[in-house]
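Keeping their order, the protein sequence lines are chains W and Z.
In this text, residue positions in the first sequence follow our numbering: the first is 1, and each later residue adds one.
In this text, residue positions in the second sequence follow our numbering: the first is 1, and each later residue adds one.
What the hints contain is simulated information worked out from the structure, not anything from laboratory work.
Keep in mind that the hints are not guaranteed to be accurate.
[Said to hold, decoys possible] Every beta carbon over 10 Å from chain Z, so not counted as near; a handful from chain W, in silico: (1) T121; (2) R171; (3) E172; (4) D201; (5) P215.
[To be verified] Per the computed footprint, the stretches of chain W lying under chain Z, defined by three or more beta-carbons under 8 Å from a beta-carbon of chain Z, are: (6) 142 to 156; (7) 227 to 238.
[What the hints assert, rightly or not] Label pairs and their in silico Cβ distance ranges: (8) Z:V140 <-> W:D152: 46 to 56 Å; (9) Z:D128 <-> W:Q232: 41 to 51 Å; (10) W:V205 <-> Z:V140: 43 to 53 Å; (11) Z:V140 <-> W:G153: 26 to 36 Å.
Think of the CB as a built atom: it goes at the ideal place given N, C-alpha and C, for glycine as much as any other residue.
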Amino acid sequence: MNRHDEFDLNAYVDGELTPEENLALLGALQQDPELAKEACQLNNLKAQVKLAYASPPGLQALQRPQRKSAWMAVAAGLLMAAAGGVGGWLASSPMAQPDRLVVLDPDGRGQAPASANSEETRIVFHLTTPDQAAAAELLDDVEKMLQAYEADGRPLRVEIVSNGEGLDILRERLSDYKERIHQLAQRYHNLTFVACKNTIDRLKVQQGIEVNIIPDAEVIDSGVDYVVKRQQEGWIYIRG
Amino acid sequence: MRCGGYRPLSQFLAILLIALGATQAQADDGKEKIHVVYHVNSESARHQMAALRSVRNHLEAEGDGIEIRVVLQGRGVSMLVLPDALLHLNGLHQANATPQMTALVAELSQRGVRFEVCANSLQRHAIDPDHDLYTADNIVIVPNGVAELARLQQQGYLYIKP
């Protein structure tokens, strides 16, 4: 395969190619699904970085300026005010809990440390790829987390949002994990599966497919809007 | 591959970081660092390699002002699985700890990037952490990769999924 290297792809994603180069690369993208996928991933990464840096991270609000070598000192066992990863920059939102405390583990081991009050941990998972096996592995880890939180009496809410190719796992005819999802949804009431109506509509319009979503999932208008909204509300975001 | 092939993204990052530098990208001299966690759950060596190169670009753009962790979760753990282990793995088809991959991992770990491997995923795929995994400084095992991603974000880490 006559591959374009990452320089070209990066330049393409950054919009730095000349019109001729752009055209040539677009042609190559049409010929080569792998390359197209890569370009898509790069674009996605760029968008994430942009989003990440557009929002002042929580740490900025959490660390006190006078604390020298703050990270090591904090990691050594100090308590630090933590409004949760994205919480810090949501100070103006009603969700923000600036007084919440997190114990930092120096080795990075151990799981989500207890917060000083009993505020709920909220995580939105975003499934966008057709790889159901990978999504199922994510579900395994999510289930272990649900178990652990339940055992410790810590409140946790999890939403699993599927859109685009990630919708397959919630489709009646295509899901390889209907039974597993049903069991999880029955067992954990703090776990919600969410399907994207935009994707459902698009499949119908573009491919004439009448999509049936498994009864364990709820349907919302737009998966992407939904996960963005959740992040703005202070939810932790993890992509499948 | 042309030399300096990643310049556009690095530049893009560099510009962003410089723009933000005054408020948050601060280095060891008592200033704050940016904390970033990369999530890798793809089994593909190609995808993993690309992720690590993004990490390297990020590191080069930011220098001392950044702390990066890479959480290997699900089949992303294959990044550090030695090829000899392929014979007994369960449901994992790639063991990507080739010399090319481990050279990059070693370089990054020496530069302070911390690799966190999900123990659930190791167990699921019958990977023996004592024998099947590439080891280096800054490679640690965490009980649950997903929980670790949540925990780090609660601490203020920015989340990036390449």
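Evaluated hints:
With a least CB separation of 7 Å from chain Z, T121 (chain W) falls inside the 10 Å interface cut-off, contrary to its annotation. Every CB of chain Z lies more than 10 Å from the CB of R171 (chain W), the least distance being 21 Å, so the non-interface label holds. Residue-level check passed: E172 (chain W) sits 25 Å from the nearest beta carbon of chain Z, beyond 10 Å. Against the 10 Å criterion, D201 (chain W) stays outside the reach of chain Z, whose nearest CB is about 26 Å from its own CB.
No Cβ of chain Z approaches the Cβ of P215 (chain W) within 10 Å, the least distance being about 25 Å, so the stated non-interface status holds. Using a Cβ-Cβ cut-off of 8 Å, 4 residues of the segment 142 to 156 of chain W lie near chain Z, which meets the minimum of three, so the contact claim holds. Proximity of the segment 227 to 238 of chain W to chain Z, defined as three or more residues with a beta carbon under 8 Å from a beta carbon of that chain, is established by the 3 residues found. Distance hint for V140 (chain Z) and D152 (chain W): a CB-CB separation of about 23 Å, inconsistent with the stated range 46 to 56 Å.
Take D128 (chain Z) and Q232 (chain W): their Cβ atoms lie about 43 Å apart, and the range 41 to 51 Å holds. A hinted range of 43 to 53 Å for the beta carbons of V205 (chain W) and V140 (chain Z) is consistent with their spacing of about 48 Å. In this structure the hint that V140 (chain Z) and G153 (chain W) lie 26 to 36 Å apart at CB holds, the actual value being about 28 Å.
The structure fails hints 1 and 8 (numbered hints given earlier, in ascending order).
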